[in-house]
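Chains as they are written, first to last, in the numbering used here: chain A, 1 to 230; chain B, 1001 to 1230; chain C, 2001 to 2330; chain D, 3001 to 3330.
Treat the hints as calculated values from the structure; they're not laboratory data. Note that the Cβ used here is the ideal one computed from N, Cα and C, for glycine as well. You may find that some hints are simply not true.
[Stated by the list, open to error] Chain D is faced by these chain C residues, among others (derived, beta-carbon under 10 Å):
1. K2003
2. G2061
3. Q2166
4. G2329
[Unchecked claim] Covered stretches of chain C, going by a simulated chain D footprint (3 or more residues, C-beta under 8 Å):
5. 2019–2027
6. 2151–2165
7. 2310–2318
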Amino acid sequence: MSTPRSEAALDTAFFTAWITRAAAAIETDRVWLSELDAAIGDGDHGTNLDRGFAGVMRVLDTTSPRTPATVLSLTGTTLISKVGGASGPLYGTAFRRAGNALGDATEIDLPGLASALDAALAAIRKLGAARDGDKTMVDALAPAVAALNEAASNAAPLLDALSAMVDAARAGADATIPMQASKGRASYLGPRSVGHRDPGAASTVLILTALRDTAAAVGSDVGSNGSDSD
Amino acid sequence: MSTPRSEAALDTAFFTAWITRAAAAIETDRVWLSELDAAIGDGDHGTNLDRGFAGVMRVLDTTSPRTPATVLSLTGTTLISKVGGASGPLYGTAFRRAGNALGDATEIDLPGLASALDAALAAIRKLGAARDGDKTMVDALAPAVAALNEAASNAAPLLDALSAMVDAARAGADATIPMQASKGRASYLGPRSVGHRDPGAASTVLILTALRDTAAAVGSDVGSNGSDSD
Amino acid sequence: MKKLINAPDTVVADALEGLAAAHPSLAVDLENRVISRAEGPRQGKVGLVSGGGSGHEPLHGGFVGYGMLDAACPGEVFTSPVPDQMLTAARAVDGGAGVLQIVKNYTGDVLNFQMAEELAGDEGIEVRSVLVNDDVAVEDSLYTAGRRGTGATVFVEKIAGALAEQGADLAAVAAVAEEVNARSRSFGIALSAATTPASGRPGFTLGEAEIEIGVGIHGEPGRRRGPIASAAQLAQTALDAINDDMPLSGEVLVMVNGMGGTPLIELYIIYREVQRLLAAKGVTIARNLVGNYITSLEMQGFSLTLCRLTEQFTELWDAPVQTPALRWGR
Amino acid sequence: MKKLINAPDTVVADALEGLAAAHPSLAVDLENRVISRAEGPRQGKVGLVSGGGSGHEPLHGGFVGYGMLDAACPGEVFTSPVPDQMLTAARAVDGGAGVLQIVKNYTGDVLNFQMAEELAGDEGIEVRSVLVNDDVAVEDSLYTAGRRGTGATVFVEKIAGALAEQGADLAAVAAVAEEVNARSRSFGIALSAATTPASGRPGFTLGEAEIEIGVGIHGEPGRRRGPIASAAQLAQTALDAINDDMPLSGEVLVMVNGMGGTPLIELYIIYREVQRLLAAKGVTIARNLVGNYITSLEMQGFSLTLCRLTEQFTELWDAPVQTPALRWGR
Ligand SMILES: Nc1ncnc2c1ncn2[C@@H]1O[C@H](COP(=O)(O)OP(=O)(O)O)[C@@H](O)[C@H]1O
Ligand SMILES: Nc1ncnc2c1ncn2[C@@H]1O[C@H](COP(=O)(O)OP(=O)(O)O)[C@@H](O)[C@H]1O
Ligand SMILES: [Mg+2]
Ligand SMILES: [Mg+2]
Ligand SMILES: [Mg+2]
Ligand SMILES: [Mg+2]
Chain A
1 MSTPRSEAAL DTAFFTAWIT RAAAAIETDR VWLSELDAAI GDGDHGTNLD
51 RGFAGVMRVL DTTSPRTPAT VLSLTGTTLI SKVGGASGPL YGTAFRRAGN
101 ALGDATEIDL PGLASALDAA LAAIRKLGAA RDGDKTMVDA LAPAVAALNE
151 AASNAAPLLD ALSAMVDAAR AGADATIPMQ ASKGRASYLG PRSVGHRDPG
201 AASTVLILTA LRDTAAAVGS DVGSNGSDSD
Chain B
1001 MSTPRSEAAL DTAFFTAWIT RAAAAIETDR VWLSELDAAI GDGDHGTNLD
1051 RGFAGVMRVL DTTSPRTPAT VLSLTGTTLI SKVGGASGPL YGTAFRRAGN
1101 ALGDATEIDL PGLASALDAA LAAIRKLGAA RDGDKTMVDA LAPAVAALNE
1151 AASNAAPLLD ALSAMVDAAR AGADATIPMQ ASKGRASYLG PRSVGHRDPG
1201 AASTVLILTA LRDTAAAVGS DVGSNGSDSD
Chain C
2001 MKKLINAPDT VVADALEGLA AAHPSLAVDL ENRVISRAEG PRQGKVGLVS
2051 GGGSGHEPLH GGFVGYGMLD AACPGEVFTS PVPDQMLTAA RAVDGGAGVL
2101 QIVKNYTGDV LNFQMAEELA GDEGIEVRSV LVNDDVAVED SLYTAGRRGT
2151 GATVFVEKIA GALAEQGADL AAVAAVAEEV NARSRSFGIA LSAATTPASG
2201 RPGFTLGEAE IEIGVGIHGE PGRRRGPIAS AAQLAQTALD AINDDMPLSG
2251 EVLVMVNGMG GTPLIELYII YREVQRLLAA KGVTIARNLV GNYITSLEMQ
2301 GFSLTLCRLT EQFTELWDAP VQTPALRWGR
Chain D
3001 MKKLINAPDT VVADALEGLA AAHPSLAVDL ENRVISRAEG PRQGKVGLVS
3051 GGGSGHEPLH GGFVGYGMLD AACPGEVFTS PVPDQMLTAA RAVDGGAGVL
3101 QIVKNYTGDV LNFQMAEELA GDEGIEVRSV LVNDDVAVED SLYTAGRRGT
3151 GATVFVEKIA GALAEQGADL AAVAAVAEEV NARSRSFGIA LSAATTPASG
3201 RPGFTLGEAE IEIGVGIHGE PGRRRGPIAS AAQLAQTALD AINDDMPLSG
3251 EVLVMVNGMG GTPLIELYII YREVQRLLAA KGVTIARNLV GNYITSLEMQ
3301 GFSLTLCRLT EQFTELWDAP VQTPALRWGR
């Protein structure tokens, strides 16, 4: 049961705010992400994503995307152009496909958002060929998308749905710790990859948390400003 | 005043015994010599000399030199062929010139030995162009040769003369510690070479001590074996 | 971390400027990070493009030139390049006969080159890719990202480069590249780890007398850690790993490669041991390379790469090559 | 100490066997430790012999071949060779036109080459020696063994080698060698020390962020120690030291040399800085080398060598050379 309050409008500004918040989160936690990657990969995941999202911010600052789709599309293309490494094409394609899924709409509803994330997950699965349990970003994103879809099909309020999504992403990322990697650079460690959090799963949590927090910030702004008008 | 006792005969066997003892002393102290060299040079002095004297021993073992001159000459040539570095040509030429100075004699007297060492010192001075106080082997050898010459001109007993020589060599080597090097590799250290013993001076002490000890060993052997025949 | 750099995030840009200044035979697109031949594409010649993370120099930029690569795309240190670079490279080198991408098998490289292939295809440039995966240290390809691409990359670039120079078509150049990879194997042993400028810390830590056996070129872990052993034993370990996977016979091409921090004198000692071990097996080293060709920054250690030669390979190996890092016959 | 060796006292012997096996263009006399051209002396050509302690590879053995050295005499690691080696080399390379010895200025090298010169003279071989002493880090030649021979050795060997190949007589070859040395200066900066196999310990110890400014190729101390600085600042330090001693102008030949443990990518960064600094002075880099040419085992750092070119130097520099480590034009 959630306390009813105003919901954020999932418009172009909202999507821009999400990506901005995600970029800030990645910047804040870049060292942590790289350290996670140093343990089982090559220690560049934070640097890679930070370089990419910094590029995204430059692009978003200098263009004025008209639709949510454009925001995600630009994000994806820029990540592809700037990140390199495994995560660049994966996240980049994910954002592009998510953008495609949004079509021309200027405002998106929860089911729309859920199917955009569906498309993102499918893109990563297709490109990276990772199965569940391979200890990749998929292990955070897949349960998150499932939780979001379930919430959407139950017509849950936006913030509840996004919180469920984040919780599932977190649990999924936590679950990567005992896994043995069988995709990406960490797979070369074999059994020695066990006991470490997958950096891509960790960055997925950051990105999805930024989405939830954007909704919460906008929602609570709207809520507090508009509570007496209710 | 020294207790009179039998003196060693400075024959071919004696010179062979000297070089053998010197080779053993160098082998024993090779790490120390290299450590001295590591402090102000390139850390190879012990290795260099040990390689050289090991070669000398092989040569002496397989040839039967007929005269003291041949022993020293073979020693010198072999050191030149095996040591490398600055000390190889210097010691090698020194031994060769000392050998030349001995001529064809099968037994050498103290003045003869003194002039052989004179020739050795002159050779090193000529080749290396080091002056006294440059912090080189010259600073041990020069006072040693002076002491030996003085003892010889005073007709001192052999062992006393050689002991005076060793004492002077030791004092000379000790005196290199406060010197600033201006020849050889140590000179690059400038003032930082102060406070360290010169490795070449140290090896000179070892070689001259072996000479004294050879005389002492033979002398005391003769002394104990032949004391009743006196 | 002591490094000859200005700042961690300008390493690649600064080095590219240095490369451009040092080698008039190279055209370096600093903006798009593409190194290509100064003289541009030759009409009718297949263009060869490779690339990967920086820090492996002279690979790949040092192999751009007559008889070898047409372009190289350097990523950030130990990070694969982005598709835009390979797209720019494909445009720069296409002489109408198509472009072959030589890709070392790492997820990041594979994905970024794959995206570039699609983008170039959209522009009407025919692009094919060949994967290099020669590192026998990776034993279980089913539960890993597969064998890593290491030393054989140099062989593929040289031999396919020579064939392309002779005017062979894209299918033939791709086929020889694949064949070289199929007939090549590598194994690396590290004595110490590399420190990337961005991380500032060694990628792994070894004990005083410990080595990483089967290490990857980014310091990926190998099969096991063990105590340091003699050059003869280390050569044997590497050679056994290769021979167990691909039994050797006939004539081989051998590369004893330094990882960046290994004295050349030590590489020659390893080469001596490899030569003796192979001779005892009746295998002849027909051609060889001893030196730093695919490095891992300042990592100490060596990798051994062997290719079972064919007559065609030997002929193409001997063909003239004129690049900053490999040069003969011209 | 972790090294790719069998035992400290077989390092040079084993490496020479490896060198012999790897390079059919070289004749390696394992017994006498002389590396010479496989094809032997050319009648009427001045023979060029160099040598010095091992551990600086590819110097000198890697520079034996057409257009450069006729023979090289490797001593033990960081220890000058013995006269017998140079005598053997003189005999091996004498084509009746005499032999030029190229000697780096270290007491050990000078004395051993000097003795060899006498011995060869006794045998009727005309031998002259030229001393290389280009290291400006040594400031006070009066109270030291004089300036050390470092990077300029590569220039002397290449340029004098080219002139000898053209058939010039001993006096002319010696004169150009001396002139190259006179117009060349070097300065080195180390980030870490090398460990010789025999000692098993680093030659010196630097703090976490400390560097040796003006280091010699055996790890001899430099002018001072200081904190690590940017590539731009380090390049400036080295260049200033050189320019203060020999004001630069016109066209220069530049070598940015790695000391053995330095990633190539970092050398290109240094080269970029050198190039910018020289450009600002109006000095043109007409020719360059960037890489490991005169190393100090696994020491990290770089040395900068500059030569003020003459027309003759440039022409001789460009002349064909075909050695394991330097190869062009043929
Ligand atoms: N095949 C794959 N499918 C999905 N995700 C993958 C795959 N390979 C790697 N990843 C993700 O990418 C992350 C590593 O990204 P990053 O460090 O930026 O790239 P790289 O491994 O090239 O250095 C891993 O933590 C993992 O989550
Ligand atoms: N010019 C010189 N004259 C006399 N002795 C010298 C001279 N140069 C060096 N030496 C001696 O040689 C010693 C060093 O020998 P060694 O370490 O074997 O050679 P290198 O310096 O070539 O490594 C010094 O300690 C010094 O005593
Ligand atoms: Mg990574
Ligand atoms: Mg020494
Ligand atoms: Mg990476
Ligand atoms: Mg020495």
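- Numbers of unmet hints, in rising order: When the structure is compared with the hints, numbers 3, 6 and 7 turn out to be violated.
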